[in-house]
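A.B. asks: Here the protein sequences line up with chains A and B, keeping their order. For the first sequence, counting from 1, position 248 maps to 248 in the working numbering; every step adds exactly one. For the second sequence, counting from 1, position 54 maps to 54 in the working numbering; every step adds exactly one.
Source of the hints: derived by calculation from the structure; they are not laboratory data.
Derived Cβ-Cβ restraints for the label pairs, each shown as a range:
| hint | chain 1 | residue 1 | chain 2 | residue 2 | range |
| --- | --- | --- | --- | --- | --- |
| 1 | A | Leu256 | B | Asp129 | 21 to 31 Å |
| 2 | A | Met268 | B | Gly150 | 17 to 27 Å |
| 3 | B | Arg113 | A | Phe305 | 49 to 59 Å |
| 4 | B | Gln20 | A | Glu235 | 29 to 39 Å |
| 5 | B | Ser66 | A | Ala16 | 53 to 63 Å |
| 6 | A | Arg19 | B | Gly230 | 48 to 58 Å |
| 7 | A | Ile186 | B | Gly230 | 54 to 64 Å |
Idealized CB from N, CA, C, for every residue including glycine.
Listed below are the residues making up each chain.
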Amino acid sequence: MTGASLAERRAVAGWAFPRWLETRTLVVILLAVGLLIQTGRHVEVDRMVRLTGDALMAAAGLDVDSQVARGVEKIAGSLFPLQVAKRTDISRIEGFDRTELPLLAHIETVAHQVERMNPETLTMEAHTETVEFLVEPVGYLIHVAAKLVETLEIALWGTVIAIVMSAPLAFFSASNLTLNRYTYMIARALVSGLRAVPELVSALFLVMAYGFGPIAGVLALAIYSAGFLGKFFAEDIENSDVKPQEALRAIGANKLKVLCHAILPDVMPQYIAYALYVLDRNVRTATVIGIVGAGGIGQELKGRFDMFNYSHVGTILVAIFVMVFVIDQLAARLRRRYL
Amino acid sequence: MSFDAVVFAGIGKTFADGTQALNDVSFTVAAGEFCVILGPSGSGKSTLLRTVNGLAVPDAGCIVLSGEALTPITLPRLRRRVAMIYQQFALVNRASVAHNVIAGALPATPTLRAVLGLFGAKDKQKACDLLAAVGLAPEHLTRRVSELSGGQQQRVGIARAFMADPTAILADEPVASLDPRTSRDIMTLLRREARERGATVLCSLHQLDLAMEFADRIVALRNGEAIFNGPPSAFTASVETRIYAVDKARAS
Numbered sequence: 001m002t003g004a005s006l007a008e009r010r011a012v013a014g015w016a017f018p019r020w021l022e023t024r025t026l027v028v029i030l031l032a033v034g035l036l037i038q039t040g041r042h043v044e045v046d047r048m049v050r051l052t053g054d055a056l057m058a059a060a061g062l063d064v065d066s067q068v069a070r071g072v073e074k075i076a077g078s079l080f081p082l083q084v085a086k087r088t089d090i091s092r093i094e095g096f097d098r099t100e101l102p103l104l105a106h107i108e109t110v111a112h113q114v115e116r117m118n119p120e121t122l123t124m125e126a127h128t129e130t131v132e133f134l135v136e137p138v139g140y141l142i143h144v145a146a147k148l149v150e151t152l153e154i155a156l157w158g159t160v161i162a163i164v165m166s167a168p169l170a171f172f173s174a175s176n177l178t179l180n181r182y183t184y185m186i187a188r189a190l191v192s193g194l195r196a197v198p199e200l201v202s203a204l205f206l207v208m209a210y211g212f213g214p215i216a217g218v219l220a221l222a223i224y225s226a227g228f229l230g231k232f233f234a235e236d237i238e239n240s241d242v243k244p245q246e247a248l249r250a251i252g253a254n255k256l257k258v259l260c261h262a263i264l265p266d267v268m269p270q271y272i273a274y275a276l277y278v279l280d281r282n283v284r285t286a287t288v289i290g291i292v293g294a295g296g297i298g299q300e301l302k303g304r305f306d307m308f309n310y311s312h313v314g315t316i317l318v319a320i321f322v323m324v325f326v327i328d329q330l331a332a333r334l335r336r337r338y339l
Numbered sequence: 001m002s003f004d005a006v007v008f009a010g011i012g013k014t015f016a017d018g019t020q021a022l023n024d025v026s027f028t029v030a031a032g033e034f035c036v037i038l039g040p041s042g043s044g045k046s047t048l049l050r051t052v053n054g055l056a057v058p059d060a061g062c063i064v065l066s067g068e069a070l071t072p073i074t075l076p077r078l079r080r081r082v083a084m085i086y087q088q089f090a091l092v093n094r095a096s097v098a099h100n101v102i103a104g105a106l107p108a109t110p111t112l113r114a115v116l117g118l119f120g121a122k123d124k125q126k127a128c129d130l131l132a133a134v135g136l137a138p139e140h141l142t143r144r145v146s147e148l149s150g151g152q153q154q155r156v157g158i159a160r161a162f163m164a165d166p167t168a169i170l171a172d173e174p175v176a177s178l179d180p181r182t183s184r185d186i187m188t189l190l191r192r193e194a195r196e197r198g199a200t201v202l203c204s205l206h207q208l209d210l211a212m213e214f215a216d217r218i219v220a221l222r223n224g225e226a227i228f229n230g231p232p233s234a235f236t237a238s239v240e241t242r243i244y245a246v247d248k249a250r251a252s
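Whole structure, please, built from the sequences with the hints as guidance.
C.D. replies: This is the structure:
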């Protein structure tokens, strides 16, 4: 009885507390689950789970035949030991000077028997051939380090060019700063267009245009990052505090003055944070786009991979891991301290 | 020292959603007066102030500043001598105090110099003088505004307002977010500086006691209509009752 009268009173007052789970929410959840089941079948999620389970059991020491475990074993076996030294055939070094060897380097002579046909007797005769190698004990490490530095330089310049390009794009694609409807639409289209092409794809074409090397890498990174920064910077400008802008407009300051003295000081810290994030991300991407020939460590990786020099590949992978880890830590520390 | 006289003649304003903010408001603020616009929330105080510098455009009526009517043509010139002080301070929180104050000199600075941040030595000196006058210390100059207390932020807001040598100041609830004691300090400061530097003040308030203490003239608004206009001495208890009377039609 009490319940009925309570419900009645609520109806009279016209107040109804929102239900915890509304029908609409329930329908959305059911649709999402259905979508996941359907797409999961297409990308073979069930097989992925089974294979991973097998591999984990094999790793735990159970006697299970696992395709994945065999694959991993094979990779690990060919990547290690890592390549550290660099051996170069002396006959292939131009203008080699025996008296002035590079630091820590020594010459190794390898003699081996070669069967060769004697054209006079037409019989096979054994010859001893000696090949001299210049061995630099950490030569390959130094080479990889140089390539890493090149990768960092590509990322840095890609980011710098992106920042320069994104500033005008952002101003015109922010609805509160743009000049008119057309500049707004053009800038928006440009920003989306720049972001629509992944770096790997644009690098592929830029390599055709500019040739192998870092130029293609720098431009590929710059194009994508400019779109990315332009979009986020424009959103920041649109969401910046309007009250100080109004205060300056009210005393007759023009658009440019309001931009420089009310909007920019407000959004600058956020913009710097985005730019740092993009730099961080570009370092990682720069390693990848080298694979299509756009310079840096990726190009070295691709070359070694194609020549089946898997121990070199191992060195490169470890070097990339170390670099990304160090930069991640550095960026996190910088962000904590300054932003 | 050239105080502006401000004449409101039949000001009406209806917002796009149909709310009538102002209805036929007419009164005159003499040059040099400290006029308090009194009224409860939603009575149209802010809208009335914002019509003076063009932040709100009235649908009806006309505003005259020292004999010059406010039109779209005269507005860009006239608004330069009308400064505004805001309830939420409207300062750039991440910028320094120095930057915020000198921003008040922007309208008179050539655009290129303004963009590059090259303000004249005179402006810089004036900013320092003003900050000293509003009671801040030299070490506040480089401090970010967000690090200051509410009272200090409003002092920065007042210093910025006086940068452009205004002849009229609109103060929109300047002390609404401050404690009673700081409120009184800020009101004293505003009144003193306005008098010394030659600015007529239009100040909206909802605190009756502050209005009685600081105003030369009180204009009371209720539902967008001016229902009182006169000196504090004429402001009686019956007027107060009328301002804050529960509007039967609205509450139901």
